[in-house]
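Spelled out from the first residue to the last, the chains are:
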Amino acid sequence: MSKVKSEYLINRKDNQYEVVIGLEVHAQVTSESKLFSTSSTKFGAEPNTQVSLVDAAFPGMLPVINEFCVKQAIKTGIGLNAKINNRSVFDRKNYFYADLPQGYQISQFKDPIVGEGKVILDMPEGQKEIGIERLHLEQDAGKSIHDLDPQSTYVDLNRSGVALMEIVSKPDLRSPDEVSAYIKKLRSIMRYLGTCDGNMQEGSLRADVNVSVRAKGSKDLGTRCEIKNVNSIKFMQMAIDYEANRQVDLIEEGKSIDQETRLFDTRKNETRSMRSKEDAHDYRYFPDPDLLPLEVSNEFINKLKSEIPELPDDKKKRFIKDFKVSPYEANILVSDIDTAKYFEEVVTKMGKNKDIKLAVNWITGELFAVLNNKNLEISQSPISSKNLAILVNLIKNGTISGKIAKTVFELMMDGDKDPQKIVEEKGLKQQSDPKALEALIDKIINDNRQKAIEYKQGKEKLFGFFVGQAMKASGGKANPQLINEILKKKL
Amino acid sequence: MSDITKQSLSELVKNIKEKKLSSKEVTKAFIDRSEKSKELNAYISEDYSSALEKAKKFDEKPNLDLKLPGIPMAVKDLFCTKNIRTTAGSKILNNFVPTYESTVTQNIWNEGAILLGKLNCDEFAMGSSNETSFFGNVQNPIDKNLVPGGSSGGSASAVAGQLTPITIGTDTGGSIRQPASFTGIVGLKPTYGSCSRYGIVAFASSLDQAGPMAQNVKDCALLQEIISTYDSKDSTSVDFKRNEYSKDLTKNIKGKKIGIPKEYRVDGMPKEIEELWQKGIQYAKDCGAEIIDITLPHTSYALPAYYIVAPAEASSNLARYDGVKYGFRAQGENLIDMYEKTRSEGFGAEVQRRIMIGTYVLSSGYYDAYYLKAQRVRKLIKNDFDEVYKKVDAILTPSTPSSAFKIGEKKDDPVSMYLNDIFTVPVNLAGLPGISIPAGHDLKGYPLGLQIIGKAFDEQNILNIAYAMEEKIGFKNKINDWWIK
Amino acid sequence: MSIDLKTIKHISKLSRISVDDQKAEKLAGDLNSIFKFIEKLNELNTDKVKPLTSVAETTLKLRHDEVKSKDIRNEIIKNSPQDNEDYFVVPKVIE
Ligand SMILES: [Mg+2]
Ligand SMILES: [Zn+2]
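Residue numbers (the working numbering), protein chains in the order written: chain A, 1 to 491; chain B, 1 to 485; chain C, 1 to 95.
Be aware that a few hints might be false.
Claimed, not checked - In silico lysine to aspartate or glutamate, DMTMM-like type, Cα no more than 20 angstroms apart, as pairs:
| no. | chain 1 | residue 1 | chain 2 | residue 2 |
| --- | --- | --- | --- | --- |
| 1 | C | 61 | A | 282 |
| 2 | A | 143 | C | 71 |
| 3 | C | 68 | A | 299 |
| 4 | C | 13 | B | 272 |
| 5 | A | 184 | A | 149 |
| 6 | C | 23 | B | 481 |
| 7 | A | 93 | B | 412 |
| 8 | A | 143 | C | 21 |
| 9 | C | 61 | A | 67 |
| 10 | C | 9 | B | 337 |
| 11 | B | 382 | C | 57 |
| 12 | B | 233 | C | 47 |
| 13 | B | 382 | C | 25 |
| 14 | A | 42 | C | 71 |
| 15 | A | 143 | C | 85 |
| 16 | C | 13 | B | 412 |
| 17 | C | 13 | B | 337 |
| 18 | B | 444 | B | 263 |
| 19 | C | 68 | A | 282 |
| 20 | C | 9 | B | 345 |
| 21 | A | 110 | C | 85 |
| 22 | C | 36 | B | 345 |
| 23 | C | 70 | A | 32 |
| 24 | C | 92 | A | 149 |
| 25 | C | 23 | B | 413 |
| 26 | A | 42 | C | 25 |
| 27 | C | 78 | A | 46 |
| 28 | B | 478 | B | 272 |
| 29 | C | 40 | B | 263 |
| 30 | C | 26 | B | 333 |
| 31 | C | 9 | A | 282 |
| 32 | C | 13 | B | 345 |
| 33 | B | 411 | C | 71 |
| 34 | B | 241 | C | 57 |
| 35 | C | 26 | B | 3 |
| 36 | A | 403 | A | 377 |
| 37 | C | 70 | A | 46 |
| 38 | C | 26 | B | 345 |
| 39 | B | 341 | C | 21 |
The hints are simulated quantities; they were obtained by calculation from the structure and are not laboratory data.
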């Protein structure tokens with residue numbers, strides 16, 4: 001494969017700049033109840049109906065930690081090849097905001113639960129390692145709604161206290177494409193682990209993006225700006241592009257860059273300063289005296305290690321080795337856990353005499369197209385893995401042609417019908433009886449005597465015409481290979 | 001019986017169990033005396049009619065197996081009580097009615113006690129004289145215009161003035177023991193983690209602890225046995241085997257080693273306090289205890305460390321009072337304006353002062369120099385005690401460096417006010433149990449207390465020592481009911 | 001060390017307590033005398049001492065992941081100074 005250059009550089013007159021990006025991803029932990037309270041985490045509930053006295057910070061209420069959330073964070077750490085810390089500490093991050101009922105967020109500052117790790121990105125020019133600085137557990141805030149009333153802000157605390165994992169990368173990312181690949185990889189790993197559903201529309205995955213620029217080849221880091229709370233990959237890429245160019249322009253004009261927090265305006269596609277946040281930037285972190293240090297033993301960690309499923313990188317290796325798929329195909333198949341699961345089910349259900357290559361084509365071709373069109377996840381696929389396996393087998397054993405298979409596929413979508421039954425009911429079975437086909441072809445040659453002569457005189461293109469006529473006459477059911485053989489013999 | 005309110009808890013329980021008194025009679029007696037005692041300003045909220053209702057109900061179907069059968073009692077207004085206004089002595093919670101009950105008070109009601117009302121205290125328990133309450137200062141029954149101490153001043157005044165047979169307070173730096181000492185009653189601050197903090201308005205989470213206040217050691221032991229339970233709703237609650245403190249109470253303390261720390265002999269301490277201490281030492285000896293001179297070298301650093309740690313935690317704990325979810329809200333043009341006005345008008349001067357101190361010591365650039373330093377000093381103080389407890393079973397000190405002072409006397413001098421807690425604060429920093437028992441009077445006839453400090457979770461031992469000494473001391477409070485016309 | 005008015009104003013901003021000049025003067029005086037008293041800690045060299053954050057002699061207990069709280073919106077919202085039955089309502093936030 002030829003190397004595609006994905007290098008992202010900003011050019012101005014004689015200068016070339018590269019962009020340095022670090023991400024603080026906030027991933028909502030998949031759990032039934034909140035990090036420090038027993039209220040539900042379900043998405044989409046009526047406002048303030050999933051709020052306990054603890055979440056609303058009533059006087060005298062105290063946090064009690066959810067064991068499952070701790071396990072989820074550790075599992076994610078293992079998935080990021082990271083060091084799990086036996087002792088971590090919860091701190092209070094103090095600031096005032098309408099949707100922060102305690103007046104502080106319980107987070108981990110000096111001693112996070114997970115330390116350094118790494119993830120591997122598959123970029124067009126090869127693999128790239130991105131360092132993970134840390135992962136820590138913290139509470140989510142509530143939601144402030146500014147547009148329901150001209151004078152007031154409305155506050156919904158349903159999300160208040162939901163567990164988040166903040167995953168901080170090293171400043172190893174160099175382009176919007178790498179950021180996209182990184183987010184997708186994190187999402188993929190966490191979905192494999194079941195630790196975060198990765199649903200960006202519902203806000204389960206959001207990121208603060210730290211952007212700085214520097215002259216290409218320089219080793220120093222420039223002044224960075226943090227773009228807060230971006231909740232789609234597309235917006236992250238647009239924000240980075242805008243922000244990097246803004247910073248380069250400032251440098252080119254000989255101006256300095258202020259280290260500040262910025263907001264990405266999705267309507268104007270630009271970032272702007274959030275000055276109001278600046279004066280309250282002193283968070284006065286200190287260990288939360290309502291909680292003790294969190295201690296986890298090596299046995300506890302090892303038990304979780306033993307529960308870790310096969311992760312995308314390993315699965316990819318196995319697919320290539322066992323199923324002989326290409327690295328490119330393997331990437332597509334493993335990137336989403338549900339796709340990988342579907343694919344493996346198809347493989348299993350195809351039985352002994354299977355054509356994996358054909359199955360991959362059908363999944364990544366026809367099936368993906370349908371899902372895309374209908375905006376469905378593969379877990380919601382209108383065609384089950386079992387029936388897709390049957391369909392691929394029908395092609396493989398010559399019962400139907402690839403062309404007929406497309407018709408069958410269309411029909412299958414109505415209620416996940418068994419393709420075998422469709423073939424029988426509609427009489428779509430391939431005609432492979434040589435005698436019948438010979439008779440059919442004799443008739444066609446007879447009806448097109450002139451064209452047969454032209455073909456014999458050397459107009460070879462007409463062979464296709466006869467194939468087409470034969471297929472048409474058979475209602476598309478004729479075995480194309482046989483048609484070819486017979487025609488060659490008869491013409 | 002006309003002298004119901006003079007009876008100790010143990011006597012009342014006995015009389016109710018033997019059906020010599022009904023809960024209603026007892027409840028009514030304490031309500032009547034409370035009504036006549038408004039001048040003490042011990043109550044913030046009264047709940048008399050429903051108390052009588054509950055007493056009547058109790059009498060109809062008395063469960064005499066309970067430890068507090070139909071016993072009325074008022075509690076410090078720092079404990080959240082379901083459907084009863086809970087203010088923490090602050091304007092900012094003036095109209096706050098919890099829909100939940102603190103674990104400690106729930107334990108008490110579960111044993112048959114009946115709530116009379118909520119007792120005055122320093123605002124958010126910040127004070128040593130009960131002068132910082134939004135609901136006005138509390139009078140000490142000992143003498144007019146005398147502070148009862150703080151922050152559980154209403155509680156101390158109510159027990160000493162016999163408005164309630166027993167009560168509970170909270171102690172962050174001495175808030176049970178100092179007012180107990182100022183009013184001539186017994187007050188116990190249990191080991192940190194012994195009583196649940198769930199449902200108690202927080203002041204400084206790593207120091208706060210609820211505890212009993214009573215007229216005598218035995219009543220105190222009984223109440224401690226009721227309020228001390230493991231609670232999974234408080235992550236700092238400790239699951240240890242708890243004694244039946246009142247049942248296991250003994251005056252036999254022969255051979256107990258009691259330490260006398262030389263550092264508690266502070267500069268400027270009145271002669272009467274030194275004499276009281278010497279008397280206490282003699283009493284302990286008379287009880288058969290062995291007296292050992294000890295050293296707690298970092299004692300003088302406890303108060304400065306406390307005035308970093310406690311305000312730091314308080315500045316964060318009190319951030320939730322922002323006018324959004326409950327309590328007082330001042331009108332503001334925008335959110336920040338609303339916050340600033342609400343907190344400026346809703347909190348009193350001392351609370352604001354401590355929030356400022358706490359914010360400052362945690363702020364960037366000062367954290368290491370103040371907060372972290374204080375935590376390290378706290379470790380040294382704990383080490384001092386750990387070291388000493390290899391040699392002794394308990395420590396005996398005065399409870400306070402002086403007797404009760406006049407209302408207004410120290411109000412404008414925060415540091416001299418803070419010095420009140422010089423003997424009690426180290427105990428909180430180290431998380432140990434400490435009990436104050438009345439041990440004598442100064443020349444003005446004001447009570448003076450002695451403090452017995454124990455090992456962690458060794459409440460039984462200090463209760464026993466206090467019990468034995470109490471008998472030898474034979475303290476009688478000099479109260480002439482001056483406030484009853 | 002001395003705490004000046006600028007510092008007082010800064011802390012008051014952080015703690016969201018409005019402070020006018022007169023109050024700031026008073027606070028500066030009080031805080032300076034308190035910090036003078038606190039400075040006593042500087043006599044101690046604590047470089048080798050591990051800070052003590054909690055005296056609770058226990059380890060952090062973990063609870064099971066179970067939803068126990070129900071919808072108590074009415075209870076939660078009824079204490080708030082201003083609401084609209086569904087939400088807590090605060091004066092407009094200016095970003
Ligand atoms: Mg961030
Ligand atoms: Zn975060």
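Results of checking the hints against the structure:
{"no.": "1", "hint": "C/61 to A/282", "result": "violated, 31 angstroms"}
{"no.": "2", "hint": "A/143 to C/71", "result": "holds, 18 angstroms"}
{"no.": "3", "hint": "C/68 to A/299", "result": "violated, 29 angstroms"}
{"no.": "4", "hint": "C/13 to B/272", "result": "violated, 46 angstroms"}
{"no.": "5", "hint": "A/184 to A/149", "result": "violated, 37 angstroms"}
{"no.": "6", "hint": "C/23 to B/481", "result": "violated, 40 angstroms"}
{"no.": "7", "hint": "A/93 to B/412", "result": "violated, 33 angstroms"}
{"no.": "8", "hint": "A/143 to C/21", "result": "violated, 36 angstroms"}
{"no.": "9", "hint": "C/61 to A/67", "result": "holds, 9 angstroms"}
{"no.": "10", "hint": "C/9 to B/337", "result": "holds, 15 angstroms"}
{"no.": "11", "hint": "B/382 to C/57", "result": "holds, 12 angstroms"}
{"no.": "12", "hint": "B/233 to C/47", "result": "violated, 36 angstroms"}
{"no.": "13", "hint": "B/382 to C/25", "result": "violated, 37 angstroms"}
{"no.": "14", "hint": "A/42 to C/71", "result": "holds, 12 angstroms"}
{"no.": "15", "hint": "A/143 to C/85", "result": "holds, 16 angstroms"}
{"no.": "16", "hint": "C/13 to B/412", "result": "violated, 25 angstroms"}
{"no.": "17", "hint": "C/13 to B/337", "result": "holds, 11 angstroms"}
{"no.": "18", "hint": "B/444 to B/263", "result": "violated, 27 angstroms"}
{"no.": "19", "hint": "C/68 to A/282", "result": "violated, 35 angstroms"}
{"no.": "20", "hint": "C/9 to B/345", "result": "holds, 17 angstroms"}
{"no.": "21", "hint": "A/110 to C/85", "result": "violated, 40 angstroms"}
{"no.": "22", "hint": "C/36 to B/345", "result": "violated, 28 angstroms"}
{"no.": "23", "hint": "C/70 to A/32", "result": "holds, 13 angstroms"}
{"no.": "24", "hint": "C/92 to A/149", "result": "holds, 9 angstroms"}
{"no.": "25", "hint": "C/23 to B/413", "result": "holds, 16 angstroms"}
{"no.": "26", "hint": "A/42 to C/25", "result": "violated, 51 angstroms"}
{"no.": "27", "hint": "C/78 to A/46", "result": "holds, 17 angstroms"}
{"no.": "28", "hint": "B/478 to B/272", "result": "holds, 17 angstroms"}
{"no.": "29", "hint": "C/40 to B/263", "result": "holds, 16 angstroms"}
{"no.": "30", "hint": "C/26 to B/333", "result": "violated, 27 angstroms"}
{"no.": "31", "hint": "C/9 to A/282", "result": "holds, 14 angstroms"}
{"no.": "32", "hint": "C/13 to B/345", "result": "holds, 15 angstroms"}
{"no.": "33", "hint": "B/411 to C/71", "result": "violated, 46 angstroms"}
{"no.": "34", "hint": "B/241 to C/57", "result": "holds, 13 angstroms"}
{"no.": "35", "hint": "C/26 to B/3", "result": "violated, 50 angstroms"}
{"no.": "36", "hint": "A/403 to A/377", "result": "violated, 26 angstroms"}
{"no.": "37", "hint": "C/70 to A/46", "result": "holds, 13 angstroms"}
{"no.": "38", "hint": "C/26 to B/345", "result": "holds, 16 angstroms"}
{"no.": "39", "hint": "B/341 to C/21", "result": "holds, 15 angstroms"}
In summary, the structure is inconsistent with hints 1, 3, 4, 5, 6, 7, 8, 12, 13, 16, 18, 19, 21, 22, 26, 30, 33, 35 and 36 from the numbered list given earlier, while agreeing with the others.
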